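Student: Chain by chain, the residues run as shown.
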Amino acid sequence: MATRSDIAASPVKGGAAPGRTPGSRPVDKDDRRRTKLSRRWQRDARWSPYAFVAPFFLLFAAFGLFPLIYTGWASLHQVELTAPTDMTWVGLKNYTRIFDDDFFWNAARNTLTIGVISTVPQLMIAMGIAHILNYKLRASTFWRVAMLAPYATSIAAATLVFVLLFGRDYGMINWALGAVGVDPIGWQDDKWPGQIAVSTIIIWRWTGYNALIYLAAMQAIPQDLYESAALDGASRWRQFLHVTLPSLRPTILFTVVVSTIGASQVFGEPLLFDPNKGASGGAEHQFQTLGLYLYEQGWVNQHLGRASAIAWAMFAILIVIGIINQLISRRLRASS
Amino acid sequence: MTTTVTPPEAPIVKEQKRSRLPKSARAGGTLHGGPLAYVILAVFTLVSLFPLVWTAIAASRDNQRLAENPPPLWFGSNLMKNLEIAWKDANLGEAFLNTTIVAGISALTIVVLSTVAGFAFAKLRFKGRNALMLLVIGTMMVPPQLSIIPLYMMVAKLDWTDQLQAVIFPSLVSAFGVFFMRQYLLQALPDEVIEAARVDGASSWRVVWHVVFPAARPAMAVLGMLMFVQAWNDFLWPFLVLTQTGNPTVQVAVAGLGRGYTPDQSLIMAGALLGTLPLLLVFAIFGKQIVGGIMQGAVKG
Amino acid sequence: MRARTLPLTRQRSGGGKPFARKALAVAAVVSLGTGLLAGCADDGGDDSSGGSSSGEGKTTITLGLFGTMGFKEAGLYAEYEKLNPDIKIEENVVERNENYYPALVNHLTTNSGLMDVQAVEVANIAEVVGTQADKFTDMSKVEGVKKDGWLPWKWEQATTKDGQTIGLGTDVGPMAICYRKDLFEKAGLPSDREQVGKLWAGDWNKFIATGEKYKKAAGKDTFFMDSPGGLLNAVLSSEKEKFYDASGQVIYKTNPAVKAAFDLTAEAAEKGLVQSQTQFQPAWDTTIANSKFATVACPPWMLGYIKGKSKADAAGKWDVAVAPKSGNWGGSFLGVPKSGKNVEEAQKLVAWLTAPEQQAKLFKVQGSFPSAPAAYSSPEVTGATNEMTGDAPIGEIFSEAAKQIPVQVIGPKDQIIQQGLTDNGVILVTKGKSAKEAWETATKTIDNNLDQ
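Residue numbers (this note's numbering), protein chains in the order written: chain A, 1 to 336; chain B, 1 to 301; chain C, 1 to 452.
Pulled out of the complex, with its shape left as it was, chain A reads as follows:
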């Protein structure tokens, strides 16, 4: 950054202190003041970032670290919920058995398909809704409140509504489909209907949430960027493509990362959509996600060690995805 001639920080002839002539004593005082200030400034610039990020890490060290270490340690043992301190060392057995575990891979496949079906439309719709909300609207507060209503609705109440909607014999969706001549679909019975239904609940619940995040980011896009694009003859759609989207890149990255992590861990919606009391994600585990499988093994079947290994395996999978993503984007950048 080029130094400016009119700023006070650097010692410049006739700079910040008008009326002073370069003399020996005043200069000494000024110099000392400036060096003191600049040293304080240097110290501040050096240490303040650590002070700013420290609270997060301190809180994490206090309340987040021990649970992580404990589950990591438990994953190397055979331990049940009914006796969490009674651990039998089994080494990596809980991890290696994952390779043979059909249910784990079934859940992984389901997590992938449900994740894609629920995340991609969700983020696109969220972007569109945010764009509309960015206009000057009447009753804008009402629209914004309505957007977060799904996230605020108690998940048990929401799932009851959706179970009623998606009921095979008496549900409203099958009733509507019947009116146009389609046979009733077993939403809770079959594989793809079940995954679509669960994805619909997820989309319903999280779209407004992401739309608000996009909206907040859109508020920070300076108006003159739009105006100069409009002056250049860009239509509204092209302004959206060339002004809005690029400015939102950091936020879009955020929602993609967070939604991916969230999609990998989803368990509330498939848990409550299943008519059964266990957590098997449907009679044939057709919509059991990894998060739900983890919950089933840990809380329903009480296998704390095994469930911990599943949790850390999920973490490892995300790391692998992240690394692959990095490699791909680096390869793309290198080739372009």
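Among these hints, one or two may not hold up.
[To be verified] In silico SDA-like cross-links for lysine to any residue, where the CA-CA straight-line distance does not exceed 25 Å:
(1) 292(C) - 174(A)
(2) 277(A) - 64(B)
(3) 123(B) - 208(B)
(4) 146(C) - 159(C)
(5) 213(C) - 316(C)
(6) 88(B) - 97(C)
(7) 311(C) - 62(B)
(8) 444(C) - 260(C)
(9) 317(C) - 69(B)
(10) 72(C) - 85(B)
(11) 88(B) - 155(A)
(12) 444(C) - 276(A)
[Stated by the list, open to error] Calculated from the model, a selection of chain C residues having no Cβ within reach of chain B, i.e. all distances over 10 Å:
(13) 160
(14) 218
(15) 272
(16) 377
(17) 385
(18) 437
No lab work stands behind these hints, which were simulated from the structure alone. Please read these numbers as outputs of a predicted model, since none were measured by experiment. A virtual CB, placed ideally from N, CA and C, is assigned to each residue, including glycine.
Let chain A serve as the given structure and place chains B and C on it in line with the hints.
Tutor: What follows is chains B and C alone, placed relative to chain A:
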């Protein structure tokens, strides 16, 4: 002293240019929404609000009617009665107070700490910045379902069972918040503004107070709302740690509603409805905060 | 060129002054909140779980219960408090046992966060007896508590091998078959309960045969039975040994009784005798309201459930016949953890709540059938009737059934195994899968869940 040479004709020229441009050509926040926009919003709002409205409809009915098919699509006459029973039975007054404290402190603290940390990660240079940021994101990647078991062991040792701090403190760890504010500030806080503030001799703390917080206001409002809801609706952890006879939060308090060999769904829905209404109020208050920040004016040439 | 932005001192935006005010408001909220928090924390410290003395010198006893207990609704707390003026009773209730039990386990293993009294459902009692018995007091040593005050199999369920009884039985769920008189008549079957009972006395196969007769006459309008899970449960509950043997080994795959029950239910499903429904779900509730099935395996509390979901015109249309073989479905126990602050008072309360007189009162109000045989001769039981069954003497019918229930070997993972056989097993047959496929899916799921 240098002066800005601002040609007096320039504003007029700009105005002329602007007036030549049809209103419809401008995107962004100065444009009014057309009828299509309202239609889309109306559909979206209908879909978003329907389950909540149905919760109210269910709460206004009785258990027998709810079992019949087709399910009721309009209000019955039981709403006031069910709401009253739910309020008294679950002792919701106390639960509301407790949860407001918990969610309020949680949201406020997360917002402040995340903004400050996000600012550091976004705009300040320091050794280990990237590694630490990756660590922050990494902490989100372990599914939290099991963590509450060891957390309970910790809380039991600290003798915090049935105390609100057992619910507040673990909730303050928010990698989501830090990551969110970092991304937002990367985009919304131009370096020049920070530089200018520095140049005027501001320490980092003053920069945070006078530059970062005002610039981050829309994002802080959104983050605050999201974290408030998350704390308000949290069930698994508060349920493990708190009791109804001690210091319940709303979700703990309503967990017993409608009990009996035949669960009374209408009462359960009444409790769910009561539990959600304060949130809508909070949204209405904070929704107003999601307006443009100061940057729009400040960065004009 | 001048700096493009205003210097810091003049950087007052729309958020300037109001922002400072907002900051003050924020600070006020934080301090207020922290103050309230500190206040609440103190309160929490005083009223913390485990009971304590509140101001007037009263002892507070806290109970941790799940949805089906009904003590408060039957007025029992008020009655006890009148009899013992220095006692105050408070309850923590969770509607669903699926939420209650995992939390209870966590509290037991850390010995923290327990109430003075904790309820345990029959599905979990084996596990609690097997792994957490050392956290409970021995109720058999309480003054006035005698083993013969309860049905023998009920007492055994809560007793360890060393003879420690960790909980006193509250209610039981002796099963009969509840049937719709009108639907039976329409299908050409007898509707008098003696005759109906004779149709299938002693043999579940005869029950299926009756179902086939029903289906032939009723066609597609209604089903014979409510769900495959209900049938499987009824058949398995009448066996002496189901999933565990006397030494505690898991035998569900090799026990011929289990396979026979599964095959019988699968047969009923293949023949279209049972609805393709999972019990206690909204869709299943609707089939009750819409009178879609003729029979259901029926403990006394099921009558209350049917009443809660039925339309008004269904009253009096049901009746109760003796099941082919008796079994138990449901019931709970009350235990007193050692870690409580008022162990003796809690024990006295539990002994009182489970005494025959109180159990009879609960039956009258809640429909929870007593586990104390002495209550069976009380007027509340002998004269009991239910709206759904008109003037049928349900008290007598269920008392008889209760006495016939075998002492069954129970094990900690009973519920998981049964859930697997039902939700990942027989329900699939109603959806078109073969019995063999259903058995394979069920056993694969169960073995994975048991970690065999």
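Student: Could you run down the list of hints and mark each one as holding or not?
Tutor: Hints, verified against the model:
The straight-line distance between the Cα atoms of residue 292(C) and residue 174(A) is roughly 19 Å, inside the 25 Å bound, and the hint therefore holds. For the hint pairing residue 277(A) with residue 64(B), the CA-to-CA distance comes to about 22 Å; that is within 25 Å, so the pair holds. Distance restraint check for residue 123(B) and residue 208(B): the Cα-Cα separation of roughly 11 Å lies within the 25 Å cut-off, and the hinted pair is therefore satisfied. Restraint check: the Cα-Cα separation between residue 146(C) and residue 159(C) comes to about 13 Å, which is no more than 25 Å; the hinted pair holds.
The suggested pairing of residue 213(C) with residue 316(C) holds, with an alpha-carbon distance near 24 Å, which does not exceed 25 Å. At roughly 22 Å between alpha-carbon atoms, residue 88(B) and residue 97(C) fall within 25 Å of each other, so this suggested pair holds. About 12 Å separates the Cα atoms of residue 311(C) and residue 62(B), which keeps this hinted pair within 25 Å; it holds. A distance of roughly 18 Å separates the Cα atoms of residue 444(C) and residue 260(C); the hinted pair therefore holds under the 25 Å criterion.
With a C-alpha separation of about 20 Å, the suggested pair residue 317(C) and residue 69(B) falls inside the 25 Å cut-off, and the hint holds. With a C-alpha separation of about 14 Å, the suggested pair residue 72(C) and residue 85(B) falls inside the 25 Å cut-off, and the hint holds. With a CA separation close to 23 Å, the supplied pair residue 88(B) and residue 155(A) stays within the 25 Å bound. For the proposed pair residue 444(C) and residue 276(A), the alpha carbon gap of about 17 Å is at most 25 Å, so the pair holds.
Consistency note on residue 160(C): stated as away from chain B, and its beta-carbon is indeed over 10 Å from all of that chain's, at 25 Å minimum. The Cβ of residue 218(C) sits about 20 Å from the closest Cβ of chain B, beyond the 10 Å cut-off, so the non-interface label holds. Listed as outside the interface, residue 272(C) is consistent with that label: its C-beta sits roughly 21 Å from the nearest C-beta of chain B, beyond the 10 Å cut-off. Every CB of chain B lies more than 10 Å from the CB of residue 377(C), the least distance being 24 Å, so the non-interface label holds.
No Cβ of chain B comes within 10 Å of the Cβ of residue 385(C); the nearest lies about 17 Å off, and the non-interface call holds. Residue-level check passed: residue 437(C) sits 31 Å from the nearest beta carbon of chain B, beyond 10 Å.
No hint from the list above goes unmet by this structure.
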